[in-house]
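Chain by chain, the residues run as shown.
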Amino acid sequence: MKFSNPARPDAQIGLARARPQARALVQGRGTFASDITVPRMVHAAFLRSPYAHATITAIDLAQARTMPGVVAVLDGAAMADLCTPWVGVLTHLKGLKSAPQHPLAVGRVRWQGEPVAMVLANTRAQAEDAAEHIMVSYDPLPPVVDAAAALAPGAPIIHPELGDNLAFERHIDTGNTDAAFAAADHIIEADFTFGRHTGVTLEARAVVADWNEGEQRLTVHQGTQVPHMMQTIYALHLGLDESQVRVICPDVGGSFGIKIHVYPDEMAAVAASRLLRRPVRFAADRLESFVSDIHARDHTVHARLAVMNDGTITGFDIDDLTGIGPYSAYPRTSAVEANQVINLIGGPYRFAHYRARTRVAFQNKAMMSQYRAVGHPIATSVTEGLLDRAAQRLGIDPVTIRRRNLIPDDAYPCTSPSGMRFEALSHHACLDRLLTLMDYDGLRAEQASLRERGIMRGIGIASFIEITNPGAAFYGVGGARISAQDGATIRLDATGRLIVQASVTEQGQGTTTILAQIAAEAMGVAFEHIRVMLGDTDITPYGGGTWASRAAGIGGEATWQAARALRDQILTLAASILQETPTNLDISGGAVIDHASRAERITLAELARIAYFRPDTLPKGIQAELIATRHYVPREYPFAFTNGIQAAWLELDTETGFITLLKHWVVEDCGTIINPLLVDEQIRGGVVQGIGAALFEQCDYDSEGQMLNASMADYLVPMAGEMPDIIIGHVTTPTAESTIGAKGAGEAGTAAAAAAVANAVNDALSPRGITIDTIPLTPARILAALATYADGVGRG
Amino acid sequence: MKAAAFDYIRPETLGAAITLLSKHGPDAKLIAGGQSLLPALNLRLSAPGLLIDIGRLAELRDITLADRTLHIGAGCTHAHVMNHPIVQRHAPLIARALTEVAHPAIRARGTFGGSLANADPAAELPACALALDAVMHAQGPEGPRRIPAAHFFTSLFETALAPDEVLTGVDIPIQGDTQWGFAELARRTGDYAMVGLAAVARPGTIRLGWFSVGQTAILAHRAAAILTEGGPLEAACTALADDLPAHDDPQASAAMRLHLARVLLRRVVGAWGER
Chain A
1 MKFSNPARPD AQIGLARARP QARALVQGRG TFASDITVPR MVHAAFLRSP YAHATITAID
61 LAQARTMPGV VAVLDGAAMA DLCTPWVGVL THLKGLKSAP QHPLAVGRVR WQGEPVAMVL
121 ANTRAQAEDA AEHIMVSYDP LPPVVDAAAA LAPGAPIIHP ELGDNLAFER HIDTGNTDAA
181 FAAADHIIEA DFTFGRHTGV TLEARAVVAD WNEGEQRLTV HQGTQVPHMM QTIYALHLGL
241 DESQVRVICP DVGGSFGIKI HVYPDEMAAV AASRLLRRPV RFAADRLESF VSDIHARDHT
301 VHARLAVMND GTITGFDIDD LTGIGPYSAY PRTSAVEANQ VINLIGGPYR FAHYRARTRV
361 AFQNKAMMSQ YRAVGHPIAT SVTEGLLDRA AQRLGIDPVT IRRRNLIPDD AYPCTSPSGM
421 RFEALSHHAC LDRLLTLMDY DGLRAEQASL RERGIMRGIG IASFIEITNP GAAFYGVGGA
481 RISAQDGATI RLDATGRLIV QASVTEQGQG TTTILAQIAA EAMGVAFEHI RVMLGDTDIT
541 PYGGGTWASR AAGIGGEATW QAARALRDQI LTLAASILQE TPTNLDISGG AVIDHASRAE
601 RITLAELARI AYFRPDTLPK GIQAELIATR HYVPREYPFA FTNGIQAAWL ELDTETGFIT
661 LLKHWVVEDC GTIINPLLVD EQIRGGVVQG IGAALFEQCD YDSEGQMLNA SMADYLVPMA
721 GEMPDIIIGH VTTPTAESTI GAKGAGEAGT AAAAAAVANA VNDALSPRGI TIDTIPLTPA
781 RILAALATYA DGVGRG
Chain B
1 MKAAAFDYIR PETLGAAITL LSKHGPDAKL IAGGQSLLPA LNLRLSAPGL LIDIGRLAEL
61 RDITLADRTL HIGAGCTHAH VMNHPIVQRH APLIARALTE VAHPAIRARG TFGGSLANAD
121 PAAELPACAL ALDAVMHAQG PEGPRRIPAA HFFTSLFETA LAPDEVLTGV DIPIQGDTQW
181 GFAELARRTG DYAMVGLAAV ARPGTIRLGW FSVGQTAILA HRAAAILTEG GPLEAACTAL
241 ADDLPAHDDP QASAAMRLHL ARVLLRRVVG AWGER
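Chains A and B are the protein sequences, given in the same order.
When the count follows full-length UniProt numbering, it moves up by one through the first sequence with no breaks and lands on 796 for the last residue.
When the count follows full-length UniProt numbering, it moves up by one through the second sequence with no breaks and lands on 275 for the last residue.
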């Protein structure tokens, strides 16, 4: 199926449509979980641990229970009968261990912000008032904050029953790495450090849980990416049958992977609804979001690259270490980011020898797990940072070394040393496009002439690969009940319009819009005649939801297949009404037409009228079936890899250490582009989050495990004022696995933006012979590296 | 988070506000724009029993020019002050500094007097008031009094206002400033600065008002004296080590902050011409 001809009939795929749903959102008519009010609803507030590590010696709830408006006050002991604990391990991550995690801490707290007790009251303010009167006695324990220290002999053990603080370790050893390094002309070596940061969704996490004692049914309204996964979780841990649980996902204000995990406070709120037989709302506020949402990154990587005099790279040797907080997250675990780091390093390049180790340590900080572009920014920054250092050592241009080593565009299919299988990528085409788009040679000339005037500008380039469209390889094979397939149902209504129900979800990125485009083209009807319903386990087909850049490629294909099936059913019905052969008919412009002449034969509205209201006029034995369902999961490849390249152009103020971003370019290949407007906005948003990691964002912890900047005033999210123009180009290599050929696009921007910015900063610093290996690149770090002022040390 | 419960009164006159303030004492707090107070309430860093809203008192919202003195009412919003032609013409330093105060939505509500009375050491306006040698107008049960800016900012979030006094406005002497300059270093547009400078040169005197350098906005007297006497800029930069308190925070060590202050001084005063 070709979508490249814009003149094809009923073309929708490839149109830059704005999201119709945005109208309601900007008018304030969206419905988010925290907008939902149910009669008799109570509000939850949590008392959270002020200590990173402590034994709870006593909890006194009596005074809080007497406060105005209070309905119940619960602690870990009270939760024991309501909700079973969970353990975040999967069998395919061999050796991964974790400890049972409870909705409210039992006996011991293991991070600052861990929920200890909960108040349910008539208003949130009353619940907060009462929470101030819960008396908890703690006996502080030595906190284990640094990941390396957590693994050192004699470190306090966070879960004594696990024996040590090592959650997971994995090795890759392919080829003959020692020989490759022995034979190398040059060995490039660096220690990279990545700050810990978090997702900061515009809408904080929220649930409204409603246990109906009469129906014996639980309804949870939740801002989530994964309604069916949460249905399973609630049933399993509350002792219900899955059929007793309905999860409804209303509008969601951003997720980025934050809303894909099981959180103890949300589980406590849902369990409390069953206990109280009343609806319970929990909406996290911004302060508790910072210490309870999933954090990410926080890796240190010792990296070596073997390279020959002609610029050919021959091997990587990697040692990665990360700290994930005190538990592995449930049910997706906290080992996936580390796993991805060592799977993806070197990914765009041809080389044979690869050795890598990753270690994942428990520590007394907020939990870490999957966040947008899981592992990719670290793998990309390490790979691209090493390549730039190699180019500098060899005295060749960064473009030259990439051109020499990028996997040739005609070399596919192929497999990377870490075992990643690539169907078809376009690194060289993307590089060529990027150089044209940014006028690379002109920019280098401008840089050189400005440098003569003392103006320090830098250019940074970063190639990347991105995992999208995952099948069961991510979670299902490890025993998680997380659907790898997704489904779509489409039906013709009585006025000839169509309703799509699909299992992928919308968090503001435009899933609804692209599914409507796909269905409209597949059916041959107007975009406006498609209504899409998502996010309700009672009404949509079963599926995995939206994560890992899979909604368009998997949910979109299911929608295409369902619409084509319904189209065939409609043509069969039309043929019987028109006494025509179905193959002589087609659908276009909302009507059944003659295939050859394109003349209208019967509108879908008229067909629906006959089918629904005058079935008596149909030929004998004909029963109209105007609904179809199809499911889809890619089977040939575990992931549909995409690729691309980014470039950053920036100016460094060597007196202040401040960086001004001047421009950013992205050329990426996500296969068939369903909606170029939405793809570009996904990429821009992703780039901004990557820039956040490069320059601004960091969860700043002290040696006691206290997060020091847990507010929007102190945690610097990237904002519009500091962002450069982001120029985007595309190369299109559709996946042959599906009809529509779409791969994912949600994480490409985040995958390489930090690497491009860091390389550009180091390029700007290159006349001084300095490189910096740590992000975020704060003014303090830059001034310290430049030794600009007397003592040379700035913190931060 | 939600604020603890409080009572709220919006008096019709300044006199009524002062009476309420006297009656309720430390349990009452004045609110005007609320751009600092409301977050503090929601964070439960502050839990007054009564809020007295002076945000709609018309008598606090004048901007006038008379006898070589510019008067700015305490109740004027930042946006109003910033865009006022008299301010732009006679106190361009203030108009310039206000462009760096937070974001347009906050400038539309936050008030000139509120920022000064809040005495945040990282705020721009207290340093401007020091550099411009402004005079604060306070009014309490005993009547009005005037407090020079140099005596107004006493410590972290503390001013010379008595608990029952209201800041009603600010006088700025218009003395034909020969030079002025403003610069700050903030990580993001609208953030509190890591360090900032409001500088004014008048016949016979130069004033350097600094913010984000310690417990209060402060004047750098030694550096200013060197510049006033026509001394070299580098000597003034050296003197900043004695003028500015050593102040570490997570974004910058004291040494880095002193370095950045010197960078700002060179940039601002350097732009005034050869020294």
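Everything labelled a hint here was simulated from the structure, so no lab data went into it.
This one's a predicted model, so the numbers in the text were calculated from it and none came from an experiment.
Accuracy of the hints is not assured; some may be wrong.
Said to hold, decoys possible - Ranges between beta-carbon positions, derived for each pair:
#1 PRO92(B) / ILE455(A): 26 to 32 Å
#2 ARG29(A) / PHE6(B): 30 to 36 Å
#3 ALA77(A) / PHE6(B): 50 to 56 Å
Glycine included, each C-beta is placed from N, C-alpha and C at the ideal position.
Output the indices of the hints that this structure fails to meet, ascending. Violated hint (a single one): 3; every other hint is consistent with the structure.
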